[in-house]
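K.L.:
Take the sequences, apply the hints, and build the full model.
All residue numbers for the sequence shown refer to the numbering used here, where the first residue is -15 and numbers rise by one.
Wrong hints could be hidden among the right ones.
Straight-line distance between alpha carbons at most 20 Å, and here's what the computed DMTMM-like set of lysine to aspartate or glutamate pairs gives [unchecked claim]:
#1 Lys191 x Glu163
#2 Lys191 x Asp175
#3 Lys191 x Glu178
#4 Lys191 x Glu172
#5 Lys182 x Glu172
#6 Lys182 x Glu163
#7 Lys182 x Glu165
#8 Lys191 x Glu165
No wet-lab data here; the hints were simulated from the structure.
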Amino acid sequence: MTTSCPQANHPAPAAHTAPWTTSAGRPERVSVTVYAPDPVLYVGIVHQLRQRPEIEFVEAGAADSAQVSLITVDTVDDETSALLNRLRHNSATRTGLVVGTFESGDALQRAIDNGVAAVLRRAEADQDRLLRLVLAIANGEGMLPGDLLAKLLTHVGSMQRSSPLDPRAASLSTLAPRETEMLRLVAEGLDTGEIARKTSYSERTVKNVLHEVITRLQLRNRAHAVGYALRNGLI
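P.N.:
Shown next as structure tokens:
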């Protein structure tokens, strides 16, 4: 089995798919490409996911059309950042990160700014958590462990004290109350269903509201929206 590495210009075959269920109850499949600089990391992730009865591998040539790109690394170094930057320009895929550690809040912020929608610590990457991560990403949601959210908040706070606000921040100040509330709930780690129950809106409404915010502010995903709003002191 070939390892797909961030260092490579063209990823080697590392793709596979995991099924999920639509709101209509029909089973669908989510195509997933796994990238890892270390064959051991690659094999470990693939071994966990392919045990699911729903998983099927995708041909190497289809990697660029995968719905989810799952990157597994020890830390987010320059090479990983370069891969993230390349992937974020591919509108067909959303990116998740399985990481050993973030050496700084800046590395976490950089990952989010480069399009990472969800993060899972490698030490916690068992089969169920990996599948939940993939399905959350495919559903347009995000995941961020609580301690990493705290690190992001601390980093954002220091950035606010040392840097002027983004000029687009004025656009966020005009958010409707429900938009602000939903964005805060995303920052607290709630998924679409949990936000819907807490706000008494339908899941479709929650998705539409968050999509409108992300589109209006020209952001990439929910995690990027949260990072942007936190960085500008708006939630």
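K.L.:
Confirm or reject each hint.
P.N.:
Here is what the structure says about each hint:
1. Lys191 x Glu163: Holds, at roughly 11 Å.
2. Lys191 x Asp175: OK: Lys191 and Asp175 at ~10 Å, within 20 Å.
3. Lys191 x Glu178: holds (12 Å)
4. Lys191 x Glu172: Judged against 20 Å, a Cα distance of about 16 Å means the pair holds.
5. Lys182 x Glu172: Within the cut-off at roughly 12 Å; holds.
6. Lys182 x Glu163: Cα-Cα ~14 Å, so holds.
7. Lys182 x Glu165: Holds. Lys182 to Glu165 sits at ~10 Å (cutoff 20 Å).
8. Lys191 x Glu165: holds (13 Å)
Checked against the numbered hints above, the structure violates none of them.
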